[in-house]
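Novice: One letter stands for each residue in the lines below.
There are 2 protein chains.
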Amino acid sequence: MAHEISPLAPTQFPDMPEIVGVALSAAATGIRYKNRVDVLLATMAKGTTVAGCLTNSKSRSAPVDWCADGLKQGKARALVVNAGNANAFTGKAGVATVKAVAKAATTLLGCAQAEVFQASTGVIGEPLNPGPIVNALPELAKSANASSWNMAANAIMTTDTFAKMATVKAKLGGKTITINGIAKGSGMIAPDMATMLVFIFTDAALPSKILQALLTKSVNPSFNCITVDGDTSTSDTVLLFATGAAGAVKDLKSAADARLKPFAKALDSLCLDLALQVARDGEGAEKLIEIKITGAESDKAAHKIGMTIANSPLVKTAIAGEDANWGRIVMAIGKSGEKAIRDKLKIKIGGIVVAAKGMKDPAYKEADIMPHMKGREIKIEADIGVGKGKACVWTCDLTHRYIDINGSYRS
Amino acid sequence: MAHEISPLAPTQFPDMPEIVGVALSAAATGIRYKNRVDVLLATMAKGTTVAGCLTNSKSRSAPVDWCADGLKQGKARALVVNAGNANAFTGKAGVATVKAVAKAATTLLGCAQAEVFQASTGVIGEPLNPGPIVNALPELAKSANASSWNMAANAIMTTDTFAKMATVKAKLGGKTITINGIAKGSGMIAPDMATMLVFIFTDAALPSKILQALLTKSVNPSFNCITVDGDTSTSDTVLLFATGAAGAVKDLKSAADARLKPFAKALDSLCLDLALQVARDGEGAEKLIEIKITGAESDKAAHKIGMTIANSPLVKTAIAGEDANWGRIVMAIGKSGEKAIRDKLKIKIGGIVVAAKGMKDPAYKEADIMPHMKGREIKIEADIGVGKGKACVWTCDLTHRYIDINGSYRS
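Protein sequence lines correspond, in order, to chains A and B. If you're matching positions, the first sequence starts at 3 in our numbering and goes up one per residue. If you're matching positions, the second sequence starts at 3 in our numbering and goes up one per residue.
Treat the hints with care, as some may be off.
Any copy, or any two copies together, can satisfy a pair, since identical chains are not distinguished.
With a Cα cut of at most 25 Å, we get these calculated DSS-like pairs of lysine-lysine [what the hints assert, rightly or not]:
1) 346 x 48
2) 74 x 341
3) 101 x 359
4) 173 x 341
5) 346 x 94
6) 255 x 346
7) 341 x 306
8) 171 x 219
9) 94 x 348
10) 177 x 346
11) 77 x 101
12) 302 x 341
13) 74 x 359
14) 101 x 346
15) 390 x 101
Keep in mind the hints are simulated off the structure, nothing from the lab.
Excised from the complex, chain A in its bound form (with noise of 0.2 Å):
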C-alpha cells in the first residue's frame, strides 16, 4: 500500500544540531522492509544518565521488559531500534534475541547489558531473529556520527509518512544545552498496532532519578494526551539520555530545583511537539483534533472526558464528515462517567459557541462553522461546569483511510 505524506505533516523539519557523546547510525537488514534502512544504532559517552516512560499494556514486549531493567540502573551507552517486527508475544525466543544483541553491543562498546536500550516495532507474534542486527552492529559501531539524525529518525519508522524530529535549547547552570527529540508512531504497512517510540538526547548533566521526575512531568501533557485509536501499543516506549557534556550542575538535589525550570520547559515543549507529529500522523488522519476541557472536577477528570470525545468514533467521523455534530461531544461527556451538570455544559467548536445551559445556543448558525469544520485543524472546547480541572488532548479523525489501512493491508 503506498503512503503519501499526510496532508497534516510539518511544512519544514528542523536542522538537528549535534549533541555532543551521541553517535548515530542506520542499516538496512531487511528484517521486514526492502531497500529502507530499519535498525538503528545510537552510542552514547561514559557517564551518561537515562529515564524512560514505558507502556501501560499487560501484554508487553521482550524489548520493553528489558528497558524495564535497564531503567533501575539508570545508566546507558547505547540504544538500538529495530523497525518491522515487535518481538512482543514471542515467548521464550523474543528474551533470547534481546540478550542476544545486548551481548553483542556490550562486546563491541565494552559496557554492561543493562546498559543497552532497546525497542522494537512491527508486526506482533512473528519470532524476531537476531542474526542480521547482531550482524550489522560492528559497521554500525564504526560508521557512528553526529549529524545523522534525519537517518535515525526514518530507520525506527513503520508505515509512518514523515520522519518526527524536533529539537530545542536551554540554560542549564549557566550553560546553553540541546534536547533532541526523534519518534514514530500511527502509520502502519504490515498490519499491527501504532506503536509510539520516542528517543530524546540532551547533553544536560542530569542524574536518572531526576531525569526521570522531570522526563514523567513531561510526557503526561503531551505523549499520554494523544491518541489515533485508543488502542495502546504492546511496545510504547519513551527514553530520554543525558551525556552529561555540557558539565555538571552543582548541589542539584531534586527535580524541584528552581534552576532546572528552564531545561523543563524546553523538555516540556520538545514532547508536545514531537506527540503532535505523533498526532498529524494519525492512520488515515486528515485532521487534527484539539480538545480543551475547563471547568472538570479535577485536571483527572478533564483528561479522561477529553480522551473519550477524542475516541468517540461518532465524533471521530462527523469531524472527518466536517460536521459540526455537536450532540455527538454531549454524547461523549455523559459516558465519560466522570461528573458533569448538563445544563452547565458549554461547548464551543473554532471558538463559536454552539451549546450553553443544557440546550443549542439560541444565537449559533451552523454557517458561522462550516469554514471551521472545513480547514485542517480543529478546535473543540468544553466547559463541563463542576469545577477547576482541565486538560488538553490531541486526536485526529477517523476516515476511510484508517479502514483501508487496517483491514485491507493483505490486498
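With chain A held as given, fit chain B onto it using these hints.
Specialist: Chain B in isolation, oriented as in the chain A frame:
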C-alpha cells in the same frame, strides 16, 4: 442515504402472540421522517407493574429522567415513544414536552402522570415539539389493538435496517405466560448516536420490585454485553411491563423464589435474542463477532477484557478485512488494564488455537482459519490464565459503511 437490510438480519421474524392487557398503535406524525410511522402508543391494563434499566450517561435525555421518576412508583398504564428526535440536551423545553405528552395521555386514559412512560430517539439538541404527538394520541388510543406488534417495532426505528421483535413462553405459578419484546438500535439516517430502546411486555403478575430484580439480572449478560462503537447513548432505555392478566402467583416474596426460574430463564433468552438483533444491525455491520473470555480474575474483569477487544478499532477493522490478526487481540487484552499473564494467554479463533504460552501456536496455520474469517459469524475465545472469571460479549466489524453512515449523512 438508502439503507439495505443488514446481511446479518434474521432470516425470519417471529409471529408475535397477543399479551392480554396490552394494546398497541402507531402513527406517522412527520417529526423527522416522511411517509413512515414514528410515534408508538402502548396502553396497559390497570394494575400493570413496570421495571426498567436506563442509560448511565451523565447527560441523559428528558424522557429518560421522566422514566426514572416513574419507575419509583412501579406502575404503568401507557408507553409513548417517538423516533426522529431524542429530546436530549433540550433544556427546559425538553422537560415541558414530556410533561405535555404525559398530561395528554393522562386525560385520555384516566391514569396518573407517573404511569405514562416515554422514550425518544433521534437527533440530539433540537427541541421536540409536543404538538404532533399530543394531537395523534386520541386516534392512537382509539385504534390500539392487541396484534400490532410489527407496526410497533417499526414505529420506534431510526435507521435500523430491520424491525426487531422476539417472543417466548414460560410456566409461572402453574400457568403459561408470554413475554414479547421489541427493540431498536444501531442504525442512523440523520445523525446521532445509536440509541437502544427495548420494550418488553408480559401477562405475568409480578410486583415491580421482583420484576426489577429479574430485569436487571437479564440485562447484564445481554444488552450490557453488546457494543457497536463503544459510544453510550443519552437515551438508552429498557422497560419491562407486566399486565398480570395471567393471574397472581401466591405468596411470591422475592426474585429468588424457585417458581420464578422458568420465567427468569425465558426473560434471559428474550433479552439475549433482542440484544443480538441489535448487534446484527450495527452500523455498517458485515460480520457478527462473539468474544468469549474465560480464566479472568473475576466475571467483571472478563467483561472488561471482552468489551476492550470488542471496542478496539484495530480488531474490528482486521475482522472486516477477514484478517485473523490475533496480535491485535493480544494488544487489546493488554490494554484492558485487567490482570493477565502473558505467558498463559490462550487465544482461539473459530475454535482453532492460534496463540498459547506467550507465543504463536507452532501448529497454527493461517490457511486453516480463512474459511471461518470469510463467514458472517466470527468466534473469538481468549483464556486469560489467571482465574475463573468469564463473560461473553458481542459486537460487529468496523467497515467503510460505518464511516459513510456517520461521516457523510448530509451529503
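Novice: Should residue 302 paired with residue 341 be assigned to within, between, both, or neither, using CA atoms and 25 Å as the limit?
Specialist: Classified as both; 12 Å inside a copy, 23 Å across copies.
Novice: Given a CA cutoff of 25 Å, do residue 74 and residue 341 count as a within-copy pair, a between-copy pair, both, or neither?
Specialist: Between copies, since 23 Å is at most 25 Å while 38 Å is not.
Novice: Treating 25 Å as the Cα threshold, decide for residue 346 and residue 94: within, between, both or neither.
Specialist: So residue 346 and residue 94 pass the 25 Å test across copies only (13 Å; inside, 55 Å).
Novice: From the Cα coordinates, with 25 Å as the cut-off, is the pair residue 390 and residue 101 best called within, between, both, or neither?
Specialist: neither (48 Å within a copy, 35 Å between copies)
Novice: For the identical chains here, do residue 341 and residue 306 meet the 25 Å Cα criterion within one copy, between copies, both, or neither?
Specialist: For residue 341 and residue 306, the Cα distance is within 25 Å both inside one copy (11 Å) and across copies (21 Å).
Novice: If the cut is 25 Å between Cα atoms, do residue 101 and residue 359 qualify within a copy, between copies, both or neither?
Specialist: between (60 Å within a copy, 20 Å between copies)
Novice: Checking residue 74 and residue 359: alpha-carbon separation at most 25 Å within a copy, between copies, both or neither?
Specialist: neither (51 Å within a copy, 27 Å between copies)
Novice: Taking 25 Å as the upper bound on the Cα-Cα distance, should residue 94 and residue 348 be classified as within, between, both, or neither?
Specialist: between (53 Å within a copy, 16 Å between copies)
Novice: How would you label the pair residue 101, residue 346 (within, between, both, or neither) given a Cα cut-off of 25 Å?
Specialist: between (57 Å within a copy, 22 Å between copies)
Novice: Using 25 Å as the alpha-carbon threshold, which applies to residue 255 and residue 346: within, between, both, or neither?
Specialist: neither (45 Å within a copy, 44 Å between copies)
Novice: Since the copies are identical, ignore which copy is meant and state whether residue 177 and residue 346 lie within 25 Å (CA to CA) inside a copy, between copies, both or neither.
Specialist: Answer is neither: 50 Å inside a copy and 52 Å across each miss the 25 Å cutoff.
Novice: When no copy is specified for residue 171 and residue 219, does a C-alpha distance of 25 Å or less occur within a copy, between copies, both, or neither?
Specialist: within (18 Å within a copy, 60 Å between copies)
Checked against the numbered hints above, the structure violates hints 1, 4, 6, 10, 13, 15; every other hint is satisfied.
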